[in-house]
Amino acid sequence: MKKSSDQSRLRFSHQAMGTTFELMMAGEKEDYAQQVSRAVFDQIDRLETLFSRFNPCSEIGQINKLFPGESVRVGIEVFECLQLAQYIRAQTKAAFDVNYASGKVSRQTPTAFILEQVREGFLVRIPEGQKAGSLGGIELDLGGIGKGYALDKSIEILVEWEVKRALLHAGTSTAYAMGAPPEAKQVDEGWPVGIGGVWKCAQAPRKYNLRGRALSGSGTEVKGEHVINPRSFLPAKGHRAAWVSHPSAAVADALSTAFMVMKTKEVEEFCSRFSEVWSLVILDEKRCKIFNPNLAQTEP
Amino acid sequence: MKSRSDNMSGGKWSRRDFLRSSASAGLGIALTGRTLSGAAMLPGQEEDQNLPDLNVAVIGAGQQGRILIESCLRIPGIRMKAVCDIWAYSQRYASRYLKKYGHEVNVYEDYRELLSKEKDLDAAIVATPDWMHATQTNACLEAGLHVYCEKEMSNSLSKARSMVQTARKTGKLLQIGHQRRSNPRYLHAIDRLVLDKKILGRVSQIYAQWNRAKMDMYGWPKQYTMDQNKLAKYGYASMTHFRNWRWFKKFAGGPIVDLGSHQIDIFSWVLGITPSTVVALGGKDYYKNREWYDNVMVIYEFNTPEGKARAMYQVQTTTKNGGFYETFMGDMGALQISEVPQRGDWAMREAHAPEWDSLVKEGLLKSEKPPLQKLDTQNIFLDVRVTAEAGRWPLPIDLAKPAHQPHLENFFNAIVHGIPLNCPAEVGYETAVAVLRVNDAVEARRLLSFRPEQFEV
Numbered sequence: 001m002k003k004s005s006d007q008s009r010l011r012f013s014h015q016a017m018g019t020t021f022e023l024m025m026a027g028e029k030e031d032y033a034q035q036v037s038r039a040v041f042d043q044i045d046r047l048e049t050l051f052s053r054f055n056p057c058s059e060i061g062q063i064n065k066l067f068p069g070e071s072v073r074v075g076i077e078v079f080e081c082l083q084l085a086q087y088i089r090a091q092t093k094a095a096f097d098v099n100y101a102s103g104k105v106s107r108q109t110p111t112a113f114i115l116e117q118v119r120e121g122f123l124v125r126i127p128e129g130q131k132a133g134s135l136g137g138i139e140l141d142l143g144g145i146g147k148g149y150a151l152d153k154s155i156e157i158l159v160e161w162e163v164k165r166a167l168l169h170a171g172t173s174t175a176y177a178m179g180a181p182p183e184a185k186q187v188d189e190g191w192p193v194g195i196g197g198v199w200k201c202a203q204a205p206r207k208y209n210l211r212g213r214a215l216s217g218s219g220t221e222v223k224g225e226h227v228i229n230p231r232s233f234l235p236a237k238g239h240r241a242a243w244v245s246h247p248s249a250a251v252a253d254a255l256s257t258a259f260m261v262m263k264t265k266e267v268e269e270f271c272s273r274f275s276e277v278w279s280l281v282i283l284d285e286k287r288c289k290i291f292n293p294n295l296a297q298t299e300p
Numbered sequence: 001m002k003s004r005s006d007n008m009s010g011g012k013w014s015r016r017d018f019l020r021s022s023a024s025a026g027l028g029i030a031l032t033g034r035t036l037s038g039a040a041m042l043p044g045q046e047e048d049q050n051l052p053d054l055n056v057a058v059i060g061a062g063q064q065g066r067i068l069i070e071s072c073l074r075i076p077g078i079r080m081k082a083v084c085d086i087w088a089y090s091q092r093y094a095s096r097y098l099k100k101y102g103h104e105v106n107v108y109e110d111y112r113e114l115l116s117k118e119k120d121l122d123a124a125i126v127a128t129p130d131w132m133h134a135t136q137t138n139a140c141l142e143a144g145l146h147v148y149c150e151k152e153m154s155n156s157l158s159k160a161r162s163m164v165q166t167a168r169k170t171g172k173l174l175q176i177g178h179q180r181r182s183n184p185r186y187l188h189a190i191d192r193l194v195l196d197k198k199i200l201g202r203v204s205q206i207y208a209q210w211n212r213a214k215m216d217m218y219g220w221p222k223q224y225t226m227d228q229n230k231l232a233k234y235g236y237a238s239m240t241h242f243r244n245w246r247w248f249k250k251f252a253g254g255p256i257v258d259l260g261s262h263q264i265d266i267f268s269w270v271l272g273i274t275p276s277t278v279v280a281l282g283g284k285d286y287y288k289n290r291e292w293y294d295n296v297m298v299i300y301e302f303n304t305p306e307g308k309a310r311a312m313y314q315v316q317t318t319t320k321n322g323g324f325y326e327t328f329m330g331d332m333g334a335l336q337i338s339e340v341p342q343r344g345d346w347a348m349r350e351a352h353a354p355e356w357d358s359l360v361k362e363g364l365l366k367s368e369k370p371p372l373q374k375l376d377t378q379n380i381f382l383d384v385r386v387t388a389e390a391g392r393w394p395l396p397i398d399l400a401k402p403a404h405q406p407h408l409e410n411f412f413n414a415i416v417h418g419i420p421l422n423c424p425a426e427v428g429y430e431t432a433v434a435v436l437r438v439n440d441a442v443e444a445r446r447l448l449s450f451r452p453e454q455f456e457v
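Chains as they are written, first to last, in my numbering: chain Z, 1 to 300; chain P, 1 to 457.
In short, the hints are calculated from the structure, not lab data. Bear in mind the structure is a predicted one, so any value in this text is a computation, not a measurement. Any given hint might turn out to be false.
Unchecked claim - Estimated spans, in silico, between C-beta atoms of each pair: (1) P:Met215 <-> Z:Thr20: 17 to 27 Å; (2) P:Asn321 <-> Z:Asp45: 11 to 21 Å; (3) P:Glu291 <-> Z:Glu128: 20 to 30 Å; (4) Z:Phe233 <-> P:Glu291: 53 to 63 Å; (5) P:Asp331 <-> Z:Asp31: 49 to 59 Å; (6) Z:Gln43 <-> P:Asp440: 29 to 39 Å; (7) P:Lys233 <-> Z:Asp31: 23 to 33 Å; (8) P:Pro184 <-> Z:Thr49: 50 to 60 Å; (9) Z:Gly27 <-> P:Glu456: 23 to 33 Å.
Claimed, not checked - In silico EDC-like pairs for lysine to aspartate or glutamate, Cα to Cα no more than 16 Å straight-line: (10) P:Lys222 <-> Z:Glu28; (11) Z:Lys289 <-> Z:Glu268; (12) Z:Lys65 <-> P:Glu362; (13) P:Lys222 <-> Z:Glu162; (14) P:Lys222 <-> Z:Glu156; (15) P:Lys222 <-> Z:Glu30; (16) P:Lys222 <-> Z:Glu160; (17) P:Lys198 <-> P:Glu362; (18) P:Lys99 <-> Z:Glu77; (19) P:Lys100 <-> Z:Glu77; (20) P:Lys99 <-> Z:Glu70; (21) P:Lys214 <-> Z:Asp42; (22) P:Lys401 <-> Z:Glu70; (23) P:Lys288 <-> P:Asp216; (24) P:Lys81 <-> Z:Glu120; (25) P:Lys214 <-> P:Asp285; (26) P:Lys401 <-> Z:Glu48; (27) P:Lys100 <-> Z:Glu120; (28) P:Lys222 <-> Z:Glu22; (29) P:Lys198 <-> P:Glu142; (30) Z:Lys29 <-> Z:Glu162.
Just so you know, even glycine gets a beta-carbon here, dropped at the ideal spot from N, CA and C.
The task is simple: from the sequences and hints, build the whole structure.
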């Protein structure tokens, strides 16, 4: 854990889930803030041991080894994550999918895994007829939702520790802020974060004042065309970049990936159905669109 | 019953809804065409476990207690009935977590009250600070419960001895939490490959380490600060002592116990004998406000029937370089193994050793391409290119479970089916003797001997 601070800001960072998480706090004593950061980062490490697909002992690693008809008990964390992923997959018409093998196999199977709540536990089952893990039927990767989920769980810890003013992000791709930032002039101020990336769309805000919500970004400018369209298993072509804000970081995380895949009309239709979802999508070098703009306090 | 679909139908899908709309709230979301709650059990739905219900209490719901709770929740048939912890934060965390899984538990501050009120328990899991293990374990055994007690049995050998005696007297099972003893990877590597097939030949050297990055002391949420009277009632001078008990001599045996004990336990398993001497150096060289040393290097000697063997061990608490693993070296090969497979999951064969291909055919080892190959088909003697890595022969077994789960399963199966415990009290005691002696050696700064009878109760 690395720490840096100045008079008004406390900032802690920690490597996990293949990226650097950072926690900034305002209005806390340094010793207390340090203890808070340890509790938060311990939680993130714990979730990583459950989520990592590179670790055969992790719950995701165990699921990926299942054969058709087999099931494995998982904890509530993986269950909740997969439950939300399945829901978002359905609502985005498979523009989001945590099963990376889905593009390689027949689309006839509507879902690669079944979630079941059993007596005093949770099960993940691979349906009969599904191809087994090593054959390409199931290859879960929570990379598009797990970091957001970790932020949501971390916020619960901040609340427990009675921290009221904080900004927490996962490798800058998803951030959540609560309370007012350091040196806020007004009590209802949000934490200013950059938005819009390198794109030159005149309508796009450059600054988003984040508070009580998460903001997640996905785009092609850093890692190139790294988002895979689960509908075609080809690089996503829906948008050059997408930002989504939502009260849940897991939802924002997943939708910013999905909106890279979805066409603009699909995003528009989605945001009209879900009024809590704010979004900015980049169409090309100069064009962009914003949906549910009244949800966000943005600045040019 | 309200579903997440209902939450979203009005276009509202708040963060609170998300957090509340977990499976814990019993929501029936038609993810697969049928509701989750009350879904019919399908044939073969449960894992191939054959455990009837066992009613279990957890005494100590801190960091380690939670790990054990999480493992228990993955074992069908285990019904968590009660949780005991002196700290309200841990009580709340554990009871709420268990409730999400459908376990309604009674919560206690004092284990004595738990034992007097809970009358349908089969077993208790003791995961409190080490200094309380003996008192609580003995009380549970006397109350007729089987006990899974976290290692170390105690920071006092006389207390540890009392646990062995109480288990014998009551006839109840006492499993000590050296969970590698039930890990199928360790069982295969040690019992099958090292002891049965003797692939390492004569094992004469062991090296193991647990290096952990620098860590600050644990804190606590302000609203969960225990008052001084309550802390004093349970033997703690302050919240700092309570939260960081591992660093204080009254409560714990220091880093060699916290980290080293798991691995030193394996030395005797592999060599089949307890150590004869120990020498160790360590110091309080980095952290200022802790009682225990923060680094220690240890050498044990073992008088095996085949001759002398030595084991070198180190714990560092200010660097994570190399992490944690164990290496067993013999004249025919070496085994590097770790609870985390990335750190150790393979055997290495000495060039003069008998071929291991037959082991690969039997499925006991995986084959990895040896560094030098005779390439008959290409009519060359050697393919000259980048330096080849020495051949590693990976273990063929994965542990597709949390690390503590198999040891708990062994305990529960011993209760139900009468199979032997993998780490009964006597074995745990032998390890405690070997490990706690390191602290004497650090203090004495000289070679200390063990007498064989020291390991017996």
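Given the proposed pairing of lysine 288 of chain P with aspartate 216 of chain P, does the C-alpha separation stay at or below 16 Å?
Holds - the C-alpha atoms of aspartate 216 of chain P and lysine 288 of chain P are around 11 Å apart, at most 16 Å.
Hinted pair lysine 222 of chain P and glutamate 156 of chain Z, Cα distance within 16 Å
holds, 15 Å
CA of lysine 401 of chain P to CA of glutamate 70 of chain Z, is that 16 Å or under?
Holds - the C-alpha atoms of glutamate 70 of chain Z and lysine 401 of chain P are around 15 Å apart, at most 16 Å.
Straight-line alpha-carbon gap lysine 198 of chain P to glutamate 142 of chain P, limit 16 Å:
Violated, at roughly 42 Å.
Straight-line alpha-carbon gap lysine 81 of chain P to glutamate 120 of chain Z, limit 16 Å:
Judged against 16 Å, a Cα distance of about 12 Å means the pair holds.
For the pair supplied as a hint, lysine 222 of chain P and glutamate 30 of chain Z, confirm whether the alpha-carbon distance does not exceed 16 Å.
holds, 14 Å
Would you check the hint for lysine 401 of chain P and glutamate 48 of chain Z, treating anything up to 16 Å between C-alpha atoms as holding?
holds, 15 Å
For lysine 233 of chain P and aspartate 31 of chain Z, compare the CB-CB distance with the range 23 to 33 Å and indicate the outcome.
For lysine 233 of chain P and aspartate 31 of chain Z the Cβ distance comes to about 26 Å; the hint holds.
Holds or violated: are the alpha carbons of lysine 99 of chain P and glutamate 70 of chain Z at most 16 Å from each other?
With Cα atoms ~26 Å apart, lysine 99 of chain P and glutamate 70 of chain Z exceed 16 Å; violated.
Is the hinted pair lysine 289 of chain Z and glutamate 268 of chain Z satisfied, with a Cα-Cα distance of at most 16 Å?
Between lysine 289 of chain Z and glutamate 268 of chain Z the Cα gap is close to 9 Å, so the pair holds against 16 Å.
Are lysine 29 of chain Z and glutamate 162 of chain Z close enough, with their CA atoms no more than 16 Å apart?
holds, 12 Å
Taking the beta carbons of phenylalanine 233 of chain Z and glutamate 291 of chain P, is their distance inside 53 to 63 Å?
Because 58 Å falls inside the window, the suggested range holds.
Violation of the numbered hints given earlier is confined to hints 3, 8, 9, 12, 20, 28 and 29; the remaining hints are satisfied by the structure.
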